[in-house]
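Protein chains in written order, with full-length UniProt numbering: chain A, 1 to 539; chain B, 1 to 539.
Simulated from the structure, these hints should not be mistaken for lab results. Computed from a prediction, not measured in an experiment: that's the story for all the values here. Hints should not be assumed to be uniformly reliable.
A pair holds if it fits inside one copy or across any two, identical chains being indistinguishable in the list.
Unchecked claim - Using 20 Å as the maximum straight-line C-alpha spacing, the simulated DMTMM-like pairs for lysine to aspartate or glutamate come out as follows:
(1) K444 to D413
(2) K292 to E83
(3) K444 to E376
(4) K311 to D177
(5) K294 to E369
(6) K397 to E307
(7) K90 to E404
(8) K294 to E392
(9) K311 to E437
(10) K444 to D434
(11) K397 to D413
(12) K397 to D200
Number of protein chains: 2
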Amino acid sequence: MAGIFQRSLRLRTALRHLSPQSPQSPLSWTVTGRHTPLDLHCSFLPSTSRQFAVCSRKLHTGADRPSPAAAPDRLPFSRITQEDLAFFRKILPGRAVTDPDLLESSNVDWLKSVKGESEFTSFHLKIYFLVVIIFNSSILTSSAGSRGNTGLVGGSVPVYDEIILSTALMNNILTFDSISGILTCQAGCVLENLSLYLEDREYIMPLDLGAKGSCHIGGNVATNAGGLRLLRYGSLRGTVLGLEVVLADGRVLDCLATLRKDNTGYDLKQLFIGSEGTLGVITSVSILCPRKPKSVNVVFLGCETFEQLLKTFQLSRGMLGEILSAFEFLDSECMRLLNTHLKLRNPISDCPFYVVIETSGSDSTHDGEKLHNFLEEAMTSSLVTDGTVATEDSKIKALWSMRERVTEALTHDGFTYKYDISLPVERIYQLVTDMREHLGNRAKSVVGYGHVGDGNLHLNVTSPAKDPALLAAIEPFVYEWTASCNGSISAEHGLGLKKRNYIYYSKPSQAVALMGNIKAMLDPKGILNPYKTLPDDLK
Amino acid sequence: MAGIFQRSLRLRTALRHLSPQSPQSPLSWTVTGRHTPLDLHCSFLPSTSRQFAVCSRKLHTGADRPSPAAAPDRLPFSRITQEDLAFFRKILPGRAVTDPDLLESSNVDWLKSVKGESEFTSFHLKIYFLVVIIFNSSILTSSAGSRGNTGLVGGSVPVYDEIILSTALMNNILTFDSISGILTCQAGCVLENLSLYLEDREYIMPLDLGAKGSCHIGGNVATNAGGLRLLRYGSLRGTVLGLEVVLADGRVLDCLATLRKDNTGYDLKQLFIGSEGTLGVITSVSILCPRKPKSVNVVFLGCETFEQLLKTFQLSRGMLGEILSAFEFLDSECMRLLNTHLKLRNPISDCPFYVVIETSGSDSTHDGEKLHNFLEEAMTSSLVTDGTVATEDSKIKALWSMRERVTEALTHDGFTYKYDISLPVERIYQLVTDMREHLGNRAKSVVGYGHVGDGNLHLNVTSPAKDPALLAAIEPFVYEWTASCNGSISAEHGLGLKKRNYIYYSKPSQAVALMGNIKAMLDPKGILNPYKTLPDDLK
Chain A
1 MAGIFQRSLR LRTALRHLSP QSPQSPLSWT VTGRHTPLDL HCSFLPSTSR QFAVCSRKLH
61 TGADRPSPAA APDRLPFSRI TQEDLAFFRK ILPGRAVTDP DLLESSNVDW LKSVKGESEF
121 TSFHLKIYFL VVIIFNSSIL TSSAGSRGNT GLVGGSVPVY DEIILSTALM NNILTFDSIS
181 GILTCQAGCV LENLSLYLED REYIMPLDLG AKGSCHIGGN VATNAGGLRL LRYGSLRGTV
241 LGLEVVLADG RVLDCLATLR KDNTGYDLKQ LFIGSEGTLG VITSVSILCP RKPKSVNVVF
301 LGCETFEQLL KTFQLSRGML GEILSAFEFL DSECMRLLNT HLKLRNPISD CPFYVVIETS
361 GSDSTHDGEK LHNFLEEAMT SSLVTDGTVA TEDSKIKALW SMRERVTEAL THDGFTYKYD
421 ISLPVERIYQ LVTDMREHLG NRAKSVVGYG HVGDGNLHLN VTSPAKDPAL LAAIEPFVYE
481 WTASCNGSIS AEHGLGLKKR NYIYYSKPSQ AVALMGNIKA MLDPKGILNP YKTLPDDLK
Chain B
1 MAGIFQRSLR LRTALRHLSP QSPQSPLSWT VTGRHTPLDL HCSFLPSTSR QFAVCSRKLH
61 TGADRPSPAA APDRLPFSRI TQEDLAFFRK ILPGRAVTDP DLLESSNVDW LKSVKGESEF
121 TSFHLKIYFL VVIIFNSSIL TSSAGSRGNT GLVGGSVPVY DEIILSTALM NNILTFDSIS
181 GILTCQAGCV LENLSLYLED REYIMPLDLG AKGSCHIGGN VATNAGGLRL LRYGSLRGTV
241 LGLEVVLADG RVLDCLATLR KDNTGYDLKQ LFIGSEGTLG VITSVSILCP RKPKSVNVVF
301 LGCETFEQLL KTFQLSRGML GEILSAFEFL DSECMRLLNT HLKLRNPISD CPFYVVIETS
361 GSDSTHDGEK LHNFLEEAMT SSLVTDGTVA TEDSKIKALW SMRERVTEAL THDGFTYKYD
421 ISLPVERIYQ LVTDMREHLG NRAKSVVGYG HVGDGNLHLN VTSPAKDPAL LAAIEPFVYE
481 WTASCNGSIS AEHGLGLKKR NYIYYSKPSQ AVALMGNIKA MLDPKGILNP YKTLPDDLK
């Protein structure tokens, strides 16, 4: 306990030294990163004495008309001066980055749909400013060469001239307990690196997603990432056991427990899980990891109708039971894009729907028998028309890529409008069918894929280029449709910049108002990831 | 969505009619219940015009010296007048209960260690006041005949003259989706009734605990109950999908989603899970239920040392893998109490430690084989010295009762000091050994049992009668010991009245201060379950 207080004291001391400005123009921060708000954007509140730094902004939202997805006007934060920058360079030697090439990857999200841009000419205002690291006495460099932000809703890139904070070099594993399977690590650890570390120790991470090679665990937690294993291991709200968070006033909140159960007061860490960096900067994570399964099988199946696909899902839940670890789907349009753009060959005969089922268990003989019985029943009942099974690692990866690379194939098909919808599972494909009919030939492709087991549809619409008329046809149609089924307009991607104003389709105004109260309580000056998550009309 | 707003409007209207007092003396409420804060205690803020109702208080904390577990002075809430009671009776005909016999079960927790008591003579101030029900147009009666509050930290009984709100008659199941396994129900549903309902539909509740026959699901959620299935199905933070909550100002917060994934803004329901009724009154719950396993086995084993017990746990995780659903333990002292007080016979030969392992799976042949292999390995390696297996329901129940009825056996042994500790699993029994040595012959019995799989020890110390000297020897020793291992002083029981002031042993002051901010935000007048969960020194 003493350690906590000492660190907290160090932090406050550091913070006093850190602030290059007078108390009346405090720093305002936003955190973003990879699949996450985990680079910290910083702005200054108005300072009448310093007016010369003017940053204009270009936000490419793909629509000329003002859209609820467009950014609001720049808030009256102060602008960074040369004096500020000199100060940052002094306290962060080699870490205050202004090189435009290095900044590019953090200014633009990987979809290239949202871009923050400064036109300040004497020096570039975007800097990697790793304040948290100083507090922890770690050493950082700029995250040059990072593969960029993997978020899908513009939550992880600056909107105007916010300072970007990267946690990329906070990438240490702190502890791992091989009895309990509890891992603690810093926020900048790449998910895939954690997975590799754990696999050597007969454990796995409880989450897995396509962006694993570049996304950070801190970002995963800040966005409450779902992914491919949620069906089996549950959400991060259950598996994350502790967090260390830097609050907007610079205090370190130590909730980095490594206990499976703890009912001493309110569970504060839950506030930060899924808050997209708007309430605090996650710097460390402790997480409960499952044992590495001894046996993994992947099946790729084809179904004639979505109804048969759902029956196959039900059958798999009954017959595969505790070894079912994923039930994913894609439609024939996805397959066409995989063939066309990525030259991936359909491993089975053509079908309207495809399913990827993964089993993982502790006994390969038992798992094989269960799978065999399930497949026999599914074929006999004519629920599936074709299929292939993989038990070897390379073939497992090949089958998984049919599902995981759909997002990539879409980027080659044109400008993509992405929707991440939660619905009662029996309704999820109806939205794709209805959207296809609704749009007619206005769209290039309308595709559906996602996590059947979680009732989570990824609906994507492409067009040759950005198309405001198409966007107007999609929205609010898609949101109204979703709300009519009591669905969620963001199952796992979050709201970020693009979807913040659509929150009312999924949450009553009272709930949104309470979110505003929480934001005001934790970040009264609104300096953390401004313009994100919460709607503009919130007071 | 329209329904939500209508109901909210109805609520506000109802609330205006409801308040029998002027705005400057608003109602103050606390919710308690069974294993939970789910009866609502109500006090009035000071009203100079009404001074005649004086309620004195006797709080039986078992210690004459002021203890951190003792209640603070009564806060200056108003007292209920005859006019108030007449008003309540008018709007709640037959539901405003003042009969002392009926009130007894809600005034006293089931351990009989905490008692709120009014001595007002002309009528009894404790009334069942089911305000939430009115808003929902349901019909309630007093919960006479309920088996009483099952909480263990005095969180569910009034301290002074708070009004008690019972949700016992809000016991309707609202929806159940047999495809997704998502159940929505009212807060007063008894856990066992929900289990029976689901079992008919091939599902089970994701939690199970000894008090299932009387505890309410709303209380389970309000206290973030753990129980016997957490190892397999995770905590309520992952399985609870939605809540409906009545806030301190009477607004209904509708977060009753039935979606497995929803990342639209902050996850407000998490605030209320585990908040012990101090932030709002949970009125409805939606929860994700697992499939009913087709095969269940229970094994009762004996180990010579706790180290062997831990090795047995590790072995079971590897060899039983995905079918392991519980790993519980009790020591020989527990067995002695079961023999002595409940006449339960040890099903195996005498050992220092006993283990209850449950498997549940989808294939009885596979499960049987896994279990057989595991037991063979455990015997061959001399990890266990004796054991018995049950596959039939009645024998399964009999073996489980050896673990579940320890709490009951303790109540017959004398006055019980109860501690519910989270620790790194390899440390959990050391605390029992150290405590036994520390107390010497001052205690009657010092026993340890609990959830090995969750690192959760139940440490219990008995004495012939309440014994302040013994208590002084136990505390703060037990808390300091726990804090030295970064453990939690309340794994699953919560803090309630008795442990509120010990929170600093498990949480840094910054975290506690933030909890205070949350309380002030949601319940600025402090009317919900006062004197509970948060420490007295909180401003």
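Structure-based check of each hint:
1. Taking the shortest alpha-carbon separations for K444 and D413, only the intra-copy value of 8 Å comes in at or below 20 Å, while the best inter-copy value is 75 Å.
2. In this assembly of identical chains, the alpha carbons of K292 and E83 never lie at most 20 Å apart, being 52 Å within a copy and 65 Å across copies at closest.
3. In this assembly of identical chains, the alpha carbons of K444 and E376 never lie at most 20 Å apart, being 38 Å within a copy and 62 Å across copies at closest.
4. With identical chains, the CA atoms of K311 and D177 are at most 20 Å apart between copies only, with a shortest distance of 15 Å across copies and 41 Å within one.
5. In the homo-oligomer, the alpha carbons of K294 and E369 lie at most 20 Å apart both inside one protomer (15 Å) and across protomers (16 Å), since each shortest distance falls under that limit.
6. In this assembly of identical chains, K397 and E307 lie within 20 Å of each other by CA distance neither inside one copy nor across copies; the values are 27 Å within and 40 Å between.
7. For the identical chains of this complex, K90 and E404 are neighbours neither inside a copy (44 Å) nor across copies (62 Å), given an alpha-carbon limit of 20 Å.
8. Taking the shortest Cα distances, K294 and E392 sit within 20 Å of each other inside one copy (13 Å), while across copies they are farther apart (30 Å).
9. For the identical chains of this complex, K311 and E437 are neighbours neither inside a copy (25 Å) nor across copies (60 Å), given an alpha-carbon limit of 20 Å.
10. Within a single copy, K444 and D434 get their C-alpha atoms as close as 15 Å, which meets the 20 Å cut-off; across copies the closest is 71 Å, which misses it.
11. In this assembly of identical chains, K397 and D413 lie within 20 Å of each other by CA distance neither inside one copy nor across copies; the values are 23 Å within and 59 Å between.
12. Within a single copy, K397 and D200 get their C-alpha atoms as close as 19 Å, which meets the 20 Å cut-off; across copies the closest is 40 Å, which misses it.
Checked against the numbered hints above, the structure breaks hints 2, 3, 6, 7, 9 and 11 and satisfies the rest.
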